[in-house]
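Novice: Under the working numbering, the letters of the sequence shown match residues 335 to 618, in that order.
Hints listed in this document are in silico derivations from the structure and should not be mistaken for laboratory results.
Computed from a prediction, not measured in an experiment: that's the story for all the values here.
All residues carry an ideal CB built from backbone N, CA and C; glycine is no exception.
Heads up, a few of these hints could be off.
[As the list claims (entries may be wrong)] If you anchor each label on the Cβ, the simulated ranges turn out as follows:
1) 438 x 495: 17 to 25 Å
2) 418 x 562: 18 to 26 Å
3) 612 x 495: 14 to 22 Å
4) 390 x 357: 32 to 40 Å
5) 406 x 615: 18 to 26 Å
6) 486 x 616: 19 to 27 Å
7) 353 x 457: 28 to 36 Å
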Amino acid sequence: MAAGAGRVSPVVRAAVLGRPIAHSLSPVLHRAAFAALGLEDSEYGRAEVGDEDLAAFLDAHPAETGFSLTMPLKERLVALARERGWDLDETAEATGVANTLVRFPNATTVANTDVDGIVGAIRLRPGSGTRATILGAGATARSALLALVRLGITEVDLLVRSASRAAAAAELGTRLGLAVEIGGLETIRSSAVVVSTLPAEAAPTLTWEPGSGVALDVAYAAESAVLTGASAHGYTAVPGTAMLVEQAVAQAVLFLTAAAGTPPSPAQVEAIAASMHAALPERD
335 MAAGAGRVSP VVRAAVLGRP IAHSLSPVLH RAAFAALGLE DSEYGRAEVG
385 DEDLAAFLDA HPAETGFSLT MPLKERLVAL ARERGWDLDE TAEATGVANT
435 LVRFPNATTV ANTDVDGIVG AIRLRPGSGT RATILGAGAT ARSALLALVR
485 LGITEVDLLV RSASRAAAAA ELGTRLGLAV EIGGLETIRS SAVVVSTLPA
535 EAAPTLTWEP GSGVALDVAY AAESAVLTGA SAHGYTAVPG TAMLVEQAVA
585 QAVLFLTAAA GTPPSPAQVE AIAASMHAAL PERD
């Protein structure tokens with residue numbers, strides 16, 4: 335997407351918002367994509383923003399192409415979109431959560447690329463069967479439910495510390511056509527897919543039935559007790575960075591489409607993905 339003779343490169347101005355935000359790898363990934371495409375004037379930053387600050391922050395930054403949003407903003411962004419009449423893509427509409435705001439010339443669009451992130455990370459390592467297990471029931475768990483439907487899952491065990499906190503996620507799963515069972519964070523039955531949406535520091539001690547599917551921990555801490563347990567019981571372990579890159583690629587495509595007026599080519603999307611994977615910090 336770099337400019338050729340007589341052409342002007344698109345310029346993206348974007349940032350990741352959330353609280354806390356210092357740990358986010360999004361600036362590393364998006365800046366790597368800009369470098370790979372020769373977009374020297376594009377910028378991607380970060381800002382600490384909470385629920386109560388989001389509307390004012392967006393109003394104060396009207397010239398930015400868009401924003402990536404992490405916790406605790408994903409539900410607030412959807413509510414704000416509905417208040418202001420912004421477009422909700424089908425993933426944000428279905429899940430009630432979103433992680434992306436993009437300003438196109440004639441419309442502001444709110445999207446949930448976490449769904450693409452989970453589908454992409456798991457599709458690369460397919461399991462077998464139609465049962466899945468999700469640990470947790472928050473915003474990312476709701477994205478996982480829609481992703482699992484797209485992967486052909488029909489039954490989901492939703493494992494949580496408190497059944498009362500799982501009501502919204504269970505209702506969404508049922509609405510999506512899934513057979514949902516709520517249980518405690520104790521035993522993982524044999525599953526085609528296991529998705530942990532718990533913070534790394536909150537991972538419980540679990541009993542695993544043997545399986546041959548894939549396990550994804552959306553947290554991208556260096557050590558994952560969930561993935562260690564999954565690997566020991568026959569699962570293919572997928573680190574959270576796989577989802578992180580997949581959802582960031584989808585965001586980058588939206589930002590570039592808004593800035594350039596046309597989507598990046600397949601070759602450019604491949605370059606974006608490759609650059610983001612290469613930019614991930616090495617782990618010991």
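Novice: Which hints, by number, does the structure contradict?
Specialist: 1, 2, 3, 4, 6
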